[in-house]
Amino acid sequence: MAIKTQNLTKRFGLVQALQGVSITLEEKKIYGLLGRNGAGKSTLLNILTGRLFADEGAVTIDGENAIENDRAQGKVFLMSEKTLHPDSMRVRQAFRWAQTFYPGFDQGQALSLSGDFGLSTNARISGLSTGYHSIFKLVLALSVNTPYVLLDEPILGLDANHRELFYKRLLEKYAAAPFTVVLSTHLIEEVASLVEDVIIIKDGQVLRQESRDSLLSQGYTVSGGAAAVDAYIQGRRVLGIDALGGLRTAYIQGSPDKSAPSAQDLEFGPMDLQKLFIQLTNS
Amino acid sequence: MKIKPSIRYQLHDQRLSFLVYYGVMVGMILLNLLFLPFAGGSDLRITSGGITAVTSIFFFIVGLCSFKDPFLLGLQHGISRRSQFLARLASMGIGCAFLALADEIYTLLVALLKIPFPNSFFAFSLYEMVYGGSTGTKLSLGLMDEATAATSHTALMTILLSIVFSFFVLLVFNSFGYLVTTLNYRLGKTGKIILWCGWPALLMASGVLFDANPRLESALAAFMVNLARLCFSTLPRMCLTCLLLTALFSALTWLLMRRANAK
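Keeping their order, the protein sequence lines are chains A and B.
Using the working numbering, the letters of the first sequence correspond one by one to residues 548 to 830.
Using the working numbering, the letters of the second sequence correspond one by one to residues 177 to 439.
These are calculated hints, taken from the structure and not from any lab test.
Any given hint could turn out to be false.
Straight-line distance between alpha carbons at most 30 Å, and here's what the computed BS3-like set of lysine-lysine pairs gives [said to hold, decoys possible]:
hint	chain 1	residue 1	chain 2	residue 2
1	B	Lys439	A	Lys629
2	A	Lys629	B	Lys244
3	A	Lys629	A	Lys822
4	A	Lys551	A	Lys715
5	A	Lys551	A	Lys629
6	A	Lys822	A	Lys575
7	A	Lys720	A	Lys805
8	B	Lys368	B	Lys439
9	B	Lys180	A	Lys629
10	B	Lys290	A	Lys629
11	A	Lys629	B	Lys368
12	A	Lys576	A	Lys822
13	A	Lys576	A	Lys715
14	A	Lys551	B	Lys439
15	A	Lys749	B	Lys439
16	A	Lys822	A	Lys749
17	B	Lys244	B	Lys365
18	A	Lys576	A	Lys720
19	B	Lys365	B	Lys439
20	A	Lys576	A	Lys629
21	B	Lys180	A	Lys551
Required output: the full structure, derived from the provided sequences and hints.
Shown next, in the form of structure tokens:
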């Protein structure tokens with residue numbers, strides 16, 4: 548049971564948005580879909596949910612072809628950056644229609660979450676601020692009860708309090724009944740502790756797809772004086788280096804060798820997901 | 177398949193516009209009734225002739241406004257384009273049936289006003305106006321009196337045929353409006369400019385061409401008259417023509433819709 552893509556390719560004019568993307572989104576896992584602006588994250592999510600057609604490749608949901616398949620698409624909900632609801636629709640009407648289209652939609656939960664976030668259900672969707680637009684879509688996504696929920700920039704415009712509330716409610720819901728969540732976001736530090744698996748996309752291609760722990764265990768950071776760090780990194784696979792005055796931090800692939808003679812004045816630390824992402828996607 | 181919820185949404189989407197439209201129509205009659213005592217005696221004639229002509233324009237505009245919002249909402253809720261298209265056909269049929277019936281009820285209600293105001297209110301359906309020899313035409317020409325028309329079997333048949341006529345006419349207008357808006361959605365900026373500037377330019381160019389070639393103009397006019405006769409001379413022909421046009425417009429709409437992306 549999973550969403551699988553095989554060799555997805557999509558081009559917009561001269562721009563190659565996706566190139567041979569093959570990923571698997573297993574059930575009951577929280578994924579982080581990471582990539583720089585224009586990497587192809589939104590295009591990928593839009594293709595998974597049939598909003599865009601791929602030029603080549605296939606998408607299956609639980610073994611069924613997902614393209615133009617109501618049953619397969621009924622298992623997925625995408626909260627996209629763009630709101631697809633009519634401007635004149637009110638929030639409560641959107642909840643009612645969501646219940647019509649998704650039998651598992653929990654209107655009680657939607658109303659409860661709206662109350663938690665301070666979202667007025669009488670408001671017109673077009674009248675909502677950027678933050679409340681996101682909240683409206685998050686409330687839908689957290690109430691829809693589909694096995695796969697894809698969240699594209701879910702915390703766009705949300706203040707810190709609302710972001711924390713969202714993470715809390717998401718984890719509560721996940722703990723109560725696990726489902727697949729894909730978090731596509733640029734705020735990597737905030738979601739780093741939430742995600743189990745990470746998919747990194749760069750220039751329309753999948754750079755990495757593996758578990759967060761496995762990804763982070765493949766490297767470490769070493770900090771210290773410039774000369775000591777330079778000496779230590781000789782012959783090692785360096786992903787990148789941050790320099791601040793005479794201090795340096797190197798991001799290194801492999802296991803730390805604390806017994807090395809050059810390691811004596813250095814500090815070793817775990818790899819940071821955001822740092823790793825930056826180093827992997829910098830070019 | 178999520179066709180049923182999709183039909184429900186599409187009908188719901190049109191509901192308000194239907195209410196507003198008939199609200200305005202009834203409001204106009206009520207306004208006439210209100211001002212009747214001040215209108216200077218029995219010479220005032222208020223005629224509701226062929227409301228379906230107005231309803232057709234209205235339903236064409238409804239068709240123009242029916243694509244983007246339901247399409248995007250459908251995509252948001254994981255409804256395939258095929259299901260949306262089938263739901264669209266169903267909701268169009270239901271909408272046409274409702275409007276055809278409502279038009280006839282409206283016409284009959286206005287006609288009923290003849291009872292309290294015998295010389296002021298007259299109402300004919302578009303069918304009666306288009307196809308000669310009908311009750312409406314006979315009434316308007318004074319060949320049949322109101323009492324005979326109301327009780328005759330012809331009157332009932334006329335009502336039924338009017339509904340059938342309106343249904344098919346409305347189908348064509350609505351499906352054409354939907355085709356235009358779907359095409360407009362699919363076109364890019366350049367395509368839209370070419371389409372919306374191209375049509376008026378083409379019409380102007382045709383006007384110039386016909387002015388320069390009167391024989392061509394008369395030949396085309398004769399062809400159009402013959403074509404109209406062939407297609408619309410009788411009710412069954414008209415229904416068949418409307419059905420074929422609706423099928424053509426719908427097929428073209430499907431070709432445009434089947435690969436439409438969310439914008």
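Going through the hints against the structure:
With a CA separation close to 9 Å, the supplied pair B/Lys439 and A/Lys629 stays within the 30 Å bound. A threshold of 30 Å between alpha carbons decides the hint, and for A/Lys629 with B/Lys244 the separation of about 14 Å falls inside it, so the pair holds. The hinted pair formed by A/Lys629 and A/Lys822 meets the criterion: a straight-line CA distance of about 29 Å does not exceed 30 Å. Pair hint A/Lys551 plus A/Lys715 holds up; C-alpha atoms about 28 Å apart against a cutoff of 30 Å.
Restraint check for A/Lys551 and A/Lys629: satisfied, since their Cα atoms lie roughly 24 Å apart, inside the 30 Å limit. As the CA atoms of A/Lys822 and A/Lys575 are separated by approximately 27 Å, the hinted pair is consistent with the 30 Å bound. Distance restraint check for A/Lys720 and A/Lys805: the Cα-Cα separation of roughly 42 Å exceeds the 30 Å cut-off, and the hinted pair is therefore not satisfied. Only pairs whose Cα atoms come within 30 Å are accepted, and B/Lys368 paired with B/Lys439 is accepted, the gap being roughly 15 Å.
Between B/Lys180 and A/Lys629 the alpha-carbon distance is near 26 Å, which keeps this suggested pair within the 30 Å criterion. Distance restraint check for B/Lys290 and A/Lys629: the Cα-Cα separation of roughly 55 Å exceeds the 30 Å cut-off, and the hinted pair is therefore not satisfied. At roughly 23 Å between alpha-carbon atoms, A/Lys629 and B/Lys368 fall within 30 Å of each other, so this suggested pair holds. Restraint check for A/Lys576 and A/Lys822: the C-alpha separation of about 23 Å stays at or below 30 Å, so the hint holds.
Restraint check for A/Lys576 and A/Lys715: satisfied, since their Cα atoms lie roughly 16 Å apart, inside the 30 Å limit. With a C-alpha separation of about 25 Å, the suggested pairing of A/Lys551 with B/Lys439 holds against the 30 Å cut-off. At roughly 24 Å between alpha-carbon atoms, A/Lys749 and B/Lys439 fall within 30 Å of each other, so this suggested pair holds. For a cut-off of 30 Å, the pair hint linking A/Lys822 to A/Lys749 stands: about 15 Å separates their Cα positions.
Distance restraint check for B/Lys244 and B/Lys365: the Cα-Cα separation of roughly 16 Å lies within the 30 Å cut-off, and the hinted pair is therefore satisfied. At most 30 Å may separate the alpha-carbon atoms for a hinted pair to count; A/Lys576 and A/Lys720 meet this at roughly 13 Å. Annotation: proposed proximity of B/Lys365 to B/Lys439 holds, straight-line Cα distance about 13 Å (limit 30 Å). In summary, the hint linking A/Lys576 to A/Lys629 is supported, as the alpha carbons are separated by about 25 Å, within the 30 Å threshold.
Proximity of B/Lys180 to A/Lys551 is assessed by CA-CA distance (about 29 Å); at most 30 Å being required, the pair is judged to hold.
Hints 7, 10 from the list above are not met by this structure, while the remaining hints are.
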